[in-house]
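Novice: Spelled out from the first residue to the last, the chains are:
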Amino acid sequence: MAKLMLLKKAEISVPEDKKGKQIAVKESNITSLKNFFVSNYKPPVEMPSVTTTSFVDASPAPVSNMESPLPIEVSPLNMIDPSIIMPNNISEPEINPMNPVINSIVEEPTPVIENIPAIETPIMSAPQPMVLESAIVEPMEPEMPKEITSTPVIENSVPDIFNLPTPIIEEDEEGTNDTAEIKLVQDNDTLSDLTLDEELDPELEEIKNRLDQVILDLNNYKKKIKMLENEVNQNLEKSREVLKDTQAAAKIMSIHQERQNQIMNELNLGTNSLDDSKRVLQKETI
Amino acid sequence: MDEKVILVTPSGERVEKRLVCFFKSLDDDRPNIKNIPIMAIDTGALNGSNYVLEFFWEQNGMFQPINDEAAWNEVKKTIIDIINGNTEVAGVL
Numbered sequence: 000m001a002k003l004m005l006l007k008k009a010e011i012s013v014p015e016d017k018k019g020k021q022i023a024v025k026e027s028n029i030t031s032l033k034n035f036f037v038s039n040y041k042p043p044v045e046m047p048s049v050t051t052t053s054f055v056d057a058s059p060a061p062v063s064n065m066e067s068p069l070p071i072e073v074s075p076l077n078m079i080d081p082s083i084i085m086p087n088n089i090s091e092p093e094i095n096p097m098n099p100v101i102n103s104i105v106e107e108p109t110p111v112i113e114n115i116p117a118i119e120t121p122i123m124s125a126p127q128p129m130v131l132e133s134a135i136v137e138p139m140e141p142e143m144p145k146e147i148t149s150t151p152v153i154e155n156s157v158p159d160i161f162n163l164p165t166p167i168i169e170e171d172e173e174g175t176n177d178t179a180e181i182k183l184v185q186d187n188d189t190l191s192d193l194t195l196d197e198e199l200d201p202e203l204e205e206i207k208n209r210l211d212q213v214i215l216d217l218n219n220y221k222k223k224i225k226m227l228e229n230e231v232n233q234n235l236e237k238s239r240e241v242l243k244d245t246q247a248a249a250k251i252m253s254i255h256q257e258r259q260n261q262i263m264n265e266l267n268l269g270t271n272s273l274d275d276s277k278r279v280l281q282k283e284t285i
Numbered sequence: 000m001d002e003k004v005i006l007v008t009p010s011g012e013r014v015e016k017r018l019v020c021f022f023k024s025l026d027d028d029r030p031n032i033k034n035i036p037i038m039a040i041d042t043g044a045l046n047g048s049n050y051v052l053e054f055f056w057e058q059n060g061m062f063q064p065i066n067d068e069a070a071w072n073e074v075k076k077t078i079i080d081i082i083n084g085n086t087e088v089a090g091v092l
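Heads up: the protein sequence lines correspond to chains A and B, in order.
Heads up: the first sequence runs through residues 0 to 285, numbered per numbering that gives the first Met the number 0.
Heads up: the second sequence runs through residues 0 to 92, numbered per numbering that gives the first Met the number 0.
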């Protein structure tokens, strides 16, 4: 059993001109991977009120009692309620320290967030330091100090700043070269049927081939049995017809025999009568 | 609901991607990827009827293509393990 540690980050630094290795998988397998990833998130331990309300309240009404225009103290990412959702209709996704919405985070917590399932944005509850504005969280440097210059990156919010230029991580044009196929032999969810073309070891491949051959043989036997059944049925039907014909012929023969007997009787009677007539004629002649 | 991750290039360009899985292996029998963060991204592309996943691993503080065949094979084995449910989650970072 593979032992894994799940990771959560909102931003990842990547090189500009390189593309990753790729594989192609069935939709059900992607779902399995996503479910595995999401379902193993642990719910955040704390939900400090400092951040629980922030962007749910979409009202742009400025708050007059802003205390400081300087960077707001923000807890690490794992202290942020992952269920924070920034409505898409927020007109100013870029939040600066002067933005009253930020101020309202501290000043005006609202209970709306309580109804939102915490699992919705688990990636944002990572323990890495939170980075606001365009600052980048460099991987493997969790102690990086927090910078608060603009928009906090919040899962599901997808503010306009993310609709930025062309993706740097291009999809593999060659596609198939580095692509291994993960597919289900049968289109169901039984993962025992999973095969990965590049990963099947020869023994498994041999077993699979044998199974295929056995299945093929079974199908052939089924076909032969079916053919034999049909043949037997046809012969049975013919036998029944012959039997019917034989019975009919026997009946006809019986009628003919009876008629023949009648004729013979009549003939005997005629013969006897003729004999009698001959005797009478001989007597008269004498 | 899809998990999202922002990919940021050295020049500051950012692009949002659908995150499928983000993990590191703790297995001793996968030495080439042990304790190395690995990220699977749904490219949104199709290969036939299958969906194309793209993988990166962290090297020198940056997520890069997995250019090591041994490591790449171990990644694929790990993905199969996850799909088959043959995994134990030691924790979340």
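By construction, these hints were calculated from the structure, which means they are not laboratory data.
Some hints here could point you the wrong way.
[Stated by the list, open to error] Label pairs and their in silico Cβ distance ranges:
#	chain 1	residue 1	chain 2	residue 2	range
1	A	I224	B	A89	35 to 41 Å
2	A	N218	B	N34	47 to 53 Å
3	B	L45	A	E204	32 to 38 Å
4	A	Y220	B	E68	43 to 49 Å
5	A	N219	B	E87	30 to 36 Å
6	B	D28	A	Y220	41 to 47 Å
We put the beta carbon where it would ideally sit given N, CA and C, even for glycine.
Novice: If a hint holds in the structure, say so; if it doesn't, say that too.
Specialist: Verification of the supplied hints:
The hinted window of 35 to 41 Å between I224 of chain A and A89 of chain B is violated, with their beta carbons roughly 54 Å apart. Distance hint check for N218 of chain A and N34 of chain B: the Cβ-Cβ separation is about 49 Å, which falls inside the suggested range of 47 to 53 Å. Separation of L45 of chain B from E204 of chain A is about 27 Å and departs from the stated range, judged on CB atoms against 32 to 38 Å. At about 44 Å, the beta-carbon gap between Y220 of chain A and E68 of chain B stays in the expected band of 43 to 49 Å.
Hint check: N219 of chain A to E87 of chain B, Cβ distance near 44 Å, so the stated range 30 to 36 Å is violated. Roughly 43 Å separates the CB atoms of D28 of chain B and Y220 of chain A, a value that falls within the hinted 41 to 47 Å.
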